[in-house]
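Protein sequences appear in the order of chains E and D.
Under the working numbering, the residue at position 145 of the first sequence is numbered 142, and the numbers go up by one with no gaps.
Under the working numbering, the residue at position 196 of the second sequence is numbered 384, and the numbers go up by one with no gaps.
Careful: at least some of the hints might be erroneous.
Below, in silico cross-link-like pairs of lysine-lysine (DSS-like), each with a Cα-Cα straight-line distance of 30 Å or less [stated by the list, open to error]:
no.: 1; chain 1: D; residue 1: LYS310; chain 2: D; residue 2: LYS373
no.: 2; chain 1: D; residue 1: LYS325; chain 2: D; residue 2: LYS225
no.: 3; chain 1: D; residue 1: LYS310; chain 2: E; residue 2: LYS150
no.: 4; chain 1: E; residue 1: LYS151; chain 2: D; residue 2: LYS310
no.: 5; chain 1: E; residue 1: LYS75; chain 2: D; residue 2: LYS281
no.: 6; chain 1: E; residue 1: LYS167; chain 2: E; residue 2: LYS151
no.: 7; chain 1: E; residue 1: LYS253; chain 2: E; residue 2: LYS151
no.: 8; chain 1: E; residue 1: LYS75; chain 2: E; residue 2: LYS167
no.: 9; chain 1: E; residue 1: LYS150; chain 2: E; residue 2: LYS253
Not the full set, but computed from the structure, chain E residues with beta-carbon under 8 Å of chain D [unchecked claim]:
no.: 10; residue: VAL71
no.: 11; residue: SER74
no.: 12; residue: LYS75
no.: 13; residue: ASP86
no.: 14; residue: LEU90
no.: 15; residue: GLY117
no.: 16; residue: THR258
no.: 17; residue: GLN261
no.: 18; residue: SER264
no.: 19; residue: LEU268
no.: 20; residue: ALA270
These aren't lab readings, by the way, just hints derived from the structure by calculation.
Computed from a prediction, not measured in an experiment: that's the story for all the values here.
Glycine included, every Cβ here is placed at the ideal spot set by N, Cα and C.
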Amino acid sequence: MSLLAHESDEEYGLPAWSLSASAGDSIRIRGGWPERVTRDWAFGDSTGAGVRVCVLDSGVELDHPLIGTVERSVAVSKDGDEIVIADDDAGDLCGHGTACAGIIRAIAPDCELTSVRVLGAGYTGSAAVMLAGLEWAIEQGFDVVNMSLSTTKKQYVDRLHELADVAYFKRTILVASAHNMPIESFPWRFASVISVGSHELDDALTFYANPSPPVEFFARGLNVDIAWLGGETINATGNSFATPHIAAICALILGKHPELTPFQLKSVLHLTASNVDE
Amino acid sequence: MSDLQAAVAAGVVGAEDGYRALLRATVEVARAIFHAKAASVFLLDEETEELVFEAVAGEGADTLVGQRFPADTGVAGWVVVTRQPLVVEDLTKDTRFSREAAESTGFVPKGLMAVPLLAEEKTLGVLEVLDRPQETKFTLAEMDLLGLFGNQAAIALDLLQRARRARAALEGEGELKTLAAFAAKLEGADEDERRAGLDLLDALRRLL
């Protein structure tokens, strides 16, 4: 197991478990938040430049006009008991990852996109492949990971929970789709990720904070124009599409405020949500 | 065939017919509720990685049951892979999909709603509703309704598959064939042998 929580403490050189009376100054953190956090302060004029976004999904179609450059594409697969992670140029079989990448690109045009294919390579072992892909993405230190997917396999829940917490402390934001069917699935139910459901409004930057989690935010998911296989665009509905809207807005915020931790970023999302009173 | 096998077979065969009828009724209600041209349930065959038409209402009801196509492409493939519902309203823009649909079913839908059929950790198949009237925009309430139908269809499909496995076992096939053979042996044994056999089986049950 390469990603243990305490490694991140060593990485940042912080006292792990206690703080002496005189050490407070040594860990001063820059403040500078305005009295009222506005959308303009949070992500006005941001294009997501400098932010590394990972689409953990079914792959991304190469050279799709709505997506453009994909920095890197890797595929995770299972060879017997062994998990293999390799660079890949097969694109996307089912179109799901392409749709998510297109939404992110439309909102955060200058972010850097990487595709990690964990869906579509057979129906057995798919949860193990998803976990391996997520672990790889966290190791690579992406700023945002879009997870429009979930697993119902209970034997993987503990490990997935552990990885979500590691990501949280390593400053990798996991944005995960709520399952819009009455079944228990993960990781969207974990507090260390940002979970997203759909609203019905026709605006990419309208999002709501939900006072009754586990779904924490609602974003556009109804009748969305999405990138489709073969360079096409098509109109579709699904929670899968709400998630990349929030992932992209996270990229916009981090483009302007790269110092934000996942905890702070979630606070900024809350303060700039369309239903939070000034 | 022993008396036991005959009795179980009568129940299983009846159940299989009943579950198939339940599945058919589910797709018919789904079609009616959404005022759609057609609705169908596909069974995912994991061995061949294909989807099989299991029940159809409306267009294609007489011809499609039993037809197969690859499970990793198209809208149904998307739903199987992601285990999330998907609704597409302007499918005719996808020329590849239109051609494939026309070749396999003779019917090209304009719009399609698809929801995975899930039983705990397994994906059993897909429920599709084709060509709801597009005068009104699709709503998330309809998406929730689709999920509820998916849940019902998943239960019917799960029961149907269980009945099929039971029949296969009775006919000496499938993973339960050892158990069926044991039941047949027990049926023909004298009382002492039968008691010893049942004690042994009970001990195994406790062990497991």
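Given the proposed pairing of D/LYS325 with D/LYS225, does the C-alpha separation stay at or below 30 Å?
Status holds; Cα separation ~17 Å.
Assess, step by step, whether the Cα of E/LYS75 is no farther than 30 Å from the Cα of E/LYS167, and give holds or violated.
Since the Cα atoms of E/LYS75 and E/LYS167 sit roughly 27 Å apart, the hinted pair holds (cutoff 30 Å).
Taking 30 Å as the top limit, are the C-alpha atoms of E/LYS151 and D/LYS310 close enough?
OK: E/LYS151 and D/LYS310 at ~12 Å, within 30 Å.
For the hint on E/SER264, just tell me whether its beta-carbon gets within less than 8 Å of chain D.
Where the cut-off is 8 Å and the nearest Cβ of chain D is about 27 Å from E/SER264, the hint is violated.
Holds or violated: E/LYS75 and D/LYS281, Cα atoms, limit 30 Å.
Not satisfied, since the Cα-Cα distance of roughly 35 Å exceeds 30 Å.
Given E/LEU268 as an interface hint, is its Cβ closer than 8 Å to any Cβ of chain D?
Given a least distance of 26 Å, the restraint on E/LEU268 is violated.
Min Cβ distance, E/THR258 to chain D: is it shorter than 8 Å?
29 Å, violated
Are D/LYS310 and D/LYS373 close enough, with their CA atoms no more than 30 Å apart?
34 Å, violated
Given hint E/ASP86 near chain D, where the shortest CB pair must fall under 8 Å:
Since the shortest Cβ distance to chain D is 18 Å, the answer is violated.
Does E/LEU90 hold up as a contact with chain D if the rule is Cβ-Cβ below 8 Å?
6 Å, holds
Next item in the hint list is E/VAL71. Is there a CB on chain D closer than 8 Å to its CB?
With Cβ-Cβ at 18 Å, over 8 Å, it is violated.
Restraint status (C-alpha distance of E/LYS253 to E/LYS151 at most 30 Å)
38 Å, violated
When each numbered hint is compared with the structure, violations occur for hints 1, 5, 7, 9, 10, 11, 12, 13, 16, 17, 18, 19 and 20.
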